[in-house]
Structures are given as structure tokens and as C-alpha cells.
Amino acid sequence: MLHVKSCVLALTYLVLLSPALLATCGPAAASPVPKPLTDKLPGATIEAAWSPDGKTIVFQRELKEDVDLYVIPAEGGEPRPLVTGPDLAIHPAGSPDGKWIVYSSVLFDKTVAQGLENGYNLHLVRASGRSMPRRLTAGLHRDYTPCFSRDGAFIYFSSTRGAKQNSVGLYRISVEGGEPECILHRDATDVALVGPDVAPNGHVLACGFIAGFRGNWSLRLVKTSAPHDEYPLTETSYPMYGPRWSPDGRLIACTGYRPGDNSWGLYVVEARTGALARVDTGPGNSRSPAWSPDGKRLVFENNRTGEYKLYVMDLPRLRFTEEPKLVWAPPQPVVKFSFASDPGGDTLPDLSGRGNDGKIVGKLLWQDGGAVFGDGQYVQIPKPKGCDFGTGGFSVRTVLRVDRHTDQLRLVTVGDYPIHHLGWQIHLSTDNHLWFNSRTPTGEYTAARSDSPPPLGKKITVVGIRYPSGKVEMFVDGVRQSQSGAGATMSYPAATQIRIGTQYSGGSPFVGTLYEYEVYSGILSTAEARRTSLQDFLSEGDVGE
Amino acid sequence: MKPCLAFLALPAVLVGLSCAAAQAAERFEVASWVDHHDFAGVRDDKGYVFDCDRPEGWAKILDHVQEVGTTLVLWRNCGGANMRYQSLVESHHHDPILDKRRVPETRVPWGWVRYGDAAEEDMLRWVVQECGKRGLRPGVHWPFEETHWEGWTIGGWNLEHPYFWGRTPDGQPWWGRASLSFPEVMAHKLALVDELLDRGIEALFIDFYRNGGWTPAYEYVEPVVAAYRAKYGAEPSSDSSDPCWCRHVGSYVTEFLRRIRKHAQARGQNLELMVGIPGIAPLSDEPLLTRGADWQAWVDEGLVDAVVINYVKWDPQDPFGSMRKLSREVMDVVKGRCKVFWPVQAYDFSGFGMPSCQKATGLSQPEVAERLLRMAWEEGAHGISLECVDYNNYAAATRERMRALVEGECEWVQPVPPRG
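From first to last, the protein sequence lines are chains V and A.
When we follow the working numbering, the leftmost residue of the first sequence carries the number 16, and every step to the right adds one.
When we follow the working numbering, the leftmost residue of the second sequence carries the number -2, and every step to the right adds one.
By construction, these hints were calculated from the structure, which means they are not laboratory data.
From the three backbone atoms N, C-alpha and C, an ideal C-beta is built for every residue, glycine too.
There may be inaccurate statements among the hints.
[Unchecked claim] Listed next, the stretches of chain V that the computed footprint assigns to chain A, with coverage defined by at least 3 CB atoms under 8 angstroms from CB atoms of chain A:
(1) 206 to 217
(2) 249 to 258
(3) 269 to 279
[Said to hold, decoys possible] Listed below are the simulated DSSO-like cross-link pairs for lysine-lysine, each with C-alpha atoms no more than 27 angstroms apart in a straight line:
(4) A:K186 with A:K259
(5) A:K259 with A:K322
(6) A:K310 with V:K125
(7) V:K50 with V:K70
(8) A:K186 with V:K125
(9) V:K311 with V:K374
(10) A:K356 with A:K259
(11) A:K43 with V:K179
(12) V:K374 with V:K351
(13) V:K79 with A:K186
(14) A:K332 with A:K356
(15) V:K474 with V:K374
Make a model of the complete structure from these sequences and hints.
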């Protein structure tokens, strides 16, 4: 957006177009026109889901503070009520055999002070409507955005249950009922996994993900058999949410907005590449797409008339674009330490060639290819050369392990400058999240935060990047963390010192193990910060086969 | 003036003189910020003390708030962009689950209070009417924010208009605030003001401490950048704390206040516009650089009726002396052109509230509160600002002592003493 001189000086890059850029899919035809489906039904009609036989569509209708579920023939016609009454019924989803609809609902018949007992909980009802709804979950939680597993035995859903912070995790429950099982829940403020949809092969699910109120929703892939194995499918620099797999598993439709768009729109993501295509649906916001069983049509909601109504349209010819890839000469480290073995003595040799040897203070414990830090042990680099970044970009990379969480501030490293003792830092905060911070020109703290506390007893790679634009980002094991900072354009003069394992003045010791440590006068590329490719991630999942 | 008209003007002069006399006997105000959300979780052995979904609960809150001698109730209208009354143009507090883009608030009971649905009592309308019955001036505490630092507070209007969202210098959208530079956003804000005026509020207090994480760093939207280019013939600095950029961004906030004032005037309603500025003294550019709040320009232009000192950065070595000196600096800038409220702040997130003062002086809360109240009164402040009156955070003894003072010795505003 802006001309940033220092950025130009720091980077020489080429924009390469991926071969996937011009990939197309779908029938070659003139742009299809969305056909209104619920325009004659008063109220907002949203959150549609297609039946497996393709004949009907179930949706949520909002009218005068009431929210009910309706079913309508996919080719248009008279809608029939499915779930009505004083409760609010939302987010319907059909079972693979077409017999059941799962949804979330709440009945506010008491105030909380009067003893409200249940919140938004899951219920099952026959798709035919010829049965009373059956409660599946209970309690003062928000259980929402359910979907069936591909074999129909389980229901995946998002829930606030068990949360101590304002967070949402992924859960599943047997269609027979019982206790919900937590699949993945990072209980930190504003960290949420919402709107799961299981891939046709059943191995991977996609969902919307956000971490922090400064973040954007993005799409995340999660392995159903190993939920902690996840992959960020879309960038966090623009919002994407509400993923739905195409029946052949090659594509994911979702709702998104990218700078330059004039509305929320439907996007289709190629699962194997992450390449995006926006679907032209005409004026107004378009949201919440769902596929027809043959994969040739989408149903979605659009507000061109001033109120959200459902529309159906043929899938148009798609033009995928990948994010431009930045390629440049990678920066050279100005500090590089390996903690693989005891160097002997109190000097830690700098492997960068800049002569920034570290002074070891206290007795480090060298074991298992790393150095164990604790109270009283740290490494100091007095007057390090090459750390006068000015307003340019820089990166700090470290490989570390944490063995226990505490409620204490712990400094992994700090860059101490004459203008600010805490110029930049990687630290574990009292919330046990990892933070990487830089500062504004007036010294205000500006930081990126890890999506969750680091896993205990596991070696992880942490990369913090300050861009010339003032953006601050963090990668953990190659995954860009959602909460970034902006405005960190402090101009760094020559540094007073770098400390590793403690605060600049000696307090707040890091308790854990360090394996590698590097500082770069430049920006590590996304590729360098990221470890796993999407292809690697999916190779175990047979997605799109 | 023609002689015959001069005769006609005589009564007006007399009325003016009587107004001046009335001004001299102006009531010293106690402006209590009331975040009823903070009463929802109060329990005793019988259960929740305040039912924040029902008028009985709201009445109990007002009873408690009156114990401190309150004259002006600044009732919180929202959390972020979620309104706590039946707004027709914005989200209602219990809406988040209905829009899966929000991260719902999980806490019991706070995440489940609904502050009235359509079929029930409109809380804000009820509170305004109840204040009237009790002889209290009704106002609204409206934070200059759309997020309140939490995803669940982001409003439906905001979510529906991503093309108005803030932008970082590198163009990344942020849903935390829709930019006031877009006419549609301004119109939406004024529609919210309409909803407050419709309910009969007399004072609108815009709190710039609660800015929901917004700063000029998120204002690199096309209209603002284009206007900057046109004005300065250059690209704005990507350093979002650049004073020139911040002044430019601040001009949109100033225009916002201008529009609110004109809007209320056009409706023929007498609305007292109050602004709260954190860290206002020692005087510096900080409010402008971090919040786009050019408050001195607002006073110069006559845009605001009251400046509320959220806190000043007093010296722990001389808490009361430095507080007096720093707050005087604000009075000297204002020069009587609008009201000034001094803080008797129960909250201590800044490190400059009463708890820190108690720590620095060794005095009890009632003693500190009395010293602060008296100081404000002695220096000619129009009143004091209480952030916030929660359940018992102004202790019973404090409430008793403050009420006795403002209903007795400190009942009327003092003339501003001459400065030496």
C-alpha cells in the first residue's frame, strides 16, 4: 500500500506466478446467474445445507427474534418447517444417509440469575420432521456449527465447554449420545476453531481458525486421527471462514474477503495447493456456501435485497490464484549459536562469522544436544555487531524446549538498546504463551503471540520477524501465529547487549532448554520460517484421491 | 443597536445576569460510570445479587450507585460494538452465537446475560426514566471502541462491512474498527447516537481510554491515505506514530465529535458531550499519537462540554501535590471554556488510581477519596469522575463520606481560584 523505502532496500524480490495460477476447473460456460430460492419467505434465511440426495435444502430462518429451521426443495417451492417453537435453532447439518439433521438450539426461559441451566446445545431431529427433537448435549455451553463424520457415527462440533478463557474448541460426540470428546481446544482468549467439515476421505477436517482479536479468520486443516497435527491452509492477512469440502475432496468452498473486494464473497480453495478463486455471485455479501451432492452447484446466502436470502448457482469456471511468492537472497545471520555441545570455558563461539561471541554466565547444564537454562544462567553478547537494524527488518530464530508452565515471566532473549532496554524480546508470559515483540518509535510494546502455550517437553522452532512496515509476526514450527502486531517501527541503533536466558538486568530467567539461536539483520522468508509443506501434510491423508 | 431594540434587549440582559448567578451556584457533580455487566457476577449465599436481565436488578444497581452521592449516571451502553439495549442498527449483547465469526464469551454468568430481548424491558430506556424519577441526570458511557479487546464484542454492522475495516500500513485489514473516514460508518455511528437520544439521555461521555486496541496504526484506509496525499503532496509515513500522520487521523475523530454535536442540535436536543482522556497530564501529544484524541483542539473549537480527566500521571513521592499540579495544568488549558471533572478513580489499571495512591500514602480508601474530592472542589472543578462504581469497590465508608461531602460542604462548584 505504501512506499516503504527501507523495505525496498532490505529486499530484492521477484513475484513469481505459480503454475497453478491459471489452473481452471468446472464447466466452460458463461457466468452462471444465482437463482433465488427463498425470496418469497419473510425473514432472513441462512446457513443452508444440501441433502445427500440433492432434493432438499435445510436452512435457518430468522424472523422477529425467533430462529427456526426449514426445509425447501432444491429446485424451489414451498418451504416446510422442521424445527419451530420458542427456542432458537441454528446451524443445521444433515447426516450422510439423509435421515437426520443435527443442529444447535437454546431456550431462554429463565435469566441467568434465575438459574438458566442449558445454553446452546446439540439436538437431533429426523429430516422428515416426523419426530420430536432429541437432545444430544447439555449444560451452559455453546455447542454449535455441527457436522457429521463421513460414516455418520459421530458429530463434530465447536464448543466453549471446558473453556476458562473466551475460546472455542473442536469436539465430537457419538450420534447415540454420551460425553463429548475434546478433539482440539486451545484455551486462550479469542482462540477458536469453528465450523468443522470433514473431508470425503474422513482423514482431515477443515475449519475456521482465529487467534486473538487482532487476527483474521483463516482456514485450518486438522487430521482427525491426530488433531494436533494441523496446517494453516490460508493466510491470516485476510479473513476466510466456513469451509465446506466439495464431494470429490479437491476443493473447499468458504466465505472470504480480500482487500480490494467490494463485499464478503464465496471463495473456492484448491485443497492441494491452497490456491484461491473468488466466485462471482453478483452484488451484495455472499456467505456460507454448501455444495450440491454432485459438486456442480452451490447454495449460499446473499443480502442483495437488503436481507439475507438463499440462492443456488452452478459452479462457474474458476480462475485460481496463489499468493505471490517472494524470493530473495536469504539474510545472513549476525549471531548464530549452537548449544549442541559444551564449548568448554565461558565463551560460546559465534558461528555467524561476525565475531559476536557470547559470554556464558553461571553453569549451564549441557545435555541431549542442548543447554538447560535456569535461575542464574545466561549468555551475554556485549555490544553485538550488526544488530543496528535501524527501521529495517530483522528476525530472531531459536529452537527451544519448555518442560513446565508457570505463572512467571520468562525471557528467552532480549535485545537491549540505549533507547530501550527491552528493544525486542522473545519471552514466555504469565499466560504461558510465547511472545515476540518489537516497539513503536515512542517505545510502546508491539507483539505477536503464539496461538497456544508451547507443548511441554517438545523441541519447537520459534521465529520472530519485525518487518520494515512495522508488522511483527511469529512462526512456531513453521506455522504463522495468528496474532500479529503493527506499528513497530522503532529505529534500532547499535545494541548495548543481547541476553539469552534472562532479562537485560538479570531477572525473569528462562527455565528450559535451548538448542539453536540466531539473529538476522533481515527478514526470513515465509518458506524459511515454515517447515512443512501442504503437500507433505496432506500426503498422509489421501485428500483428493 | 437601535435605541428601541436596546430597550427590548434589557430583559435578555437581566436573564443573562440571572444565568450567571445560577452558574455561580452550579451543583458540584458526581459522575458515576456504571458498568452493570460488572454487577452480574456478584453473589451472596442466596445466589446472584443483581439480576442484570430485569428492572429489579437495574434498580438495585442504581440504589448502590446513589450511595456514593451520584448526581450524573454514565450508564454503559455497550461492550465493544455489542449494544446492551435493543438496538435496531447494531448487535445485541447476546447475539454472538448467531454469527459464527464471533468468538463467544464463555464466562458464567457474564456470557449469558442478555439485558432484555425485544419482548422484555429496554434496559437503557428504563434506566433513563428511572434516573429522572430519582432526580439523577441520565447519561451514557460510550467507549471509543468496537472491540473491547475481545472478539465476541465485535458488532454485526462491522462484520457485515469488511471494506470499511481498518488497515495496517502494509494493507492488512483489521476488523477492530471501521474507519470514520467512510460516510457510511459516520452515518452508522450517528444512528447509534440517535438511539441514545431517542431514549432521552442528557449526557454522552466518550471514553478514549477504552479504544479497543485502535490506534492511528490501523487507519491506513484509502480515503485517509488519499486525503493525506492531497494535503501534504507525499505518502504518509509507515511509522504510525508520525505526528503529522496522527494529526491527520485525529482530524477524522474531531469531525466525528463535530457531527455528533450538530446531529444533536439538529434534533433540538440539549446533549452534554463529554470526553475522557487518559494520561492527560503532564500535557503531551500522547493522546493524539496513541488515540487520535486532539482534545485541546476540541476545547478550542467549543466541541465538548466537559473534559473528564481519567487519570494524571502523578508522582509517587508527592501523590496529592503532583495530582493537584497536573490537574491544574488541564484547568489552565481549558480556561473555563467547558467543564472539567477530576478523577476519584477506583480502578487502578493505569497505576494512578486510588489503590496506588493508598499504597503510596498509607491512607485508607475513605481518606484518599475525601482528599481527592476536596482537592477537585477546591480547585474549581465542576465535579468528580468515578471510574467505575462497581459493587463495593467504593467501600461503604467511602460512599458514606463522599456522599456527606457532596451533599454538604462541597455541594456547589467553587469559583476557579486565581493562579499565582
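Item to check | chain A over the region 249 to 258 of chain V, status - at least 3 residues with CB closer than 8 angstroms | outcome: holds (count 5)
Next on the checklist: Check the hint pairing K186 (chain A) with K125 (chain V) against an upper bound of 27 angstroms on the C-alpha distance.
Outcome noted: Violated. K186 (chain A) to K125 (chain V) sits at ~33 angstroms, over the 27 angstroms cutoff.
Checklist entry - For the region 206 to 217 of chain V, does the count of residues with a C-beta closer than 8 angstroms to a C-beta of chain A reach 3? => result holds (count 4)
Item to check | Satisfaction of hint between K351 (chain V) and K374 (chain V), Cα-Cα up to 27 angstroms | outcome: Answer holds: K374 (chain V) to K351 (chain V) is near 14 angstroms, not above 27 angstroms.
Checklist entry - Does the alpha-carbon distance linking K356 (chain A) and K259 (chain A) stay inside the 27 angstroms limit? => result 45 angstroms, violated
Next on the checklist: Holds or violated: K474 (chain V) and K374 (chain V), Cα atoms, limit 27 angstroms.
Outcome noted: 24 angstroms, holds
Item to check | Hint consistency between K311 (chain V) and K374 (chain V) [alpha-carbon to alpha-carbon, up to 27 angstroms] | outcome: 65 angstroms, violated
Item to check | Pair hint outcome, K79 (chain V) versus K186 (chain A) [Cα-Cα no greater than 27 angstroms] | outcome: OK: K79 (chain V) and K186 (chain A) at ~24 angstroms, within 27 angstroms.
Checklist entry - Is the hinted pair K186 (chain A) and K259 (chain A) satisfied, with a Cα-Cα distance of at most 27 angstroms? => result OK: K186 (chain A) and K259 (chain A) at ~13 angstroms, within 27 angstroms.
Item to check | Pairwise hint evaluation, K125 (chain V) against K310 (chain A), where the allowed Cα distance is 27 angstroms at most | outcome: 46 angstroms, violated
Checklist entry - Are the Cα positions of K332 (chain A) and K356 (chain A) separated by 27 angstroms at most? => result 33 angstroms, violated
Checklist entry - Do the alpha carbons of K43 (chain A) and K179 (chain V) lie within 27 angstroms of each other, as the hint requires? => result Holds: K43 (chain A) and K179 (chain V) sit about 25 angstroms apart, inside 27 angstroms.
In terms of the numbered hints stated before, the structure departs from hints 5, 6, 8, 9, 10 and 14, listed from lowest to highest.
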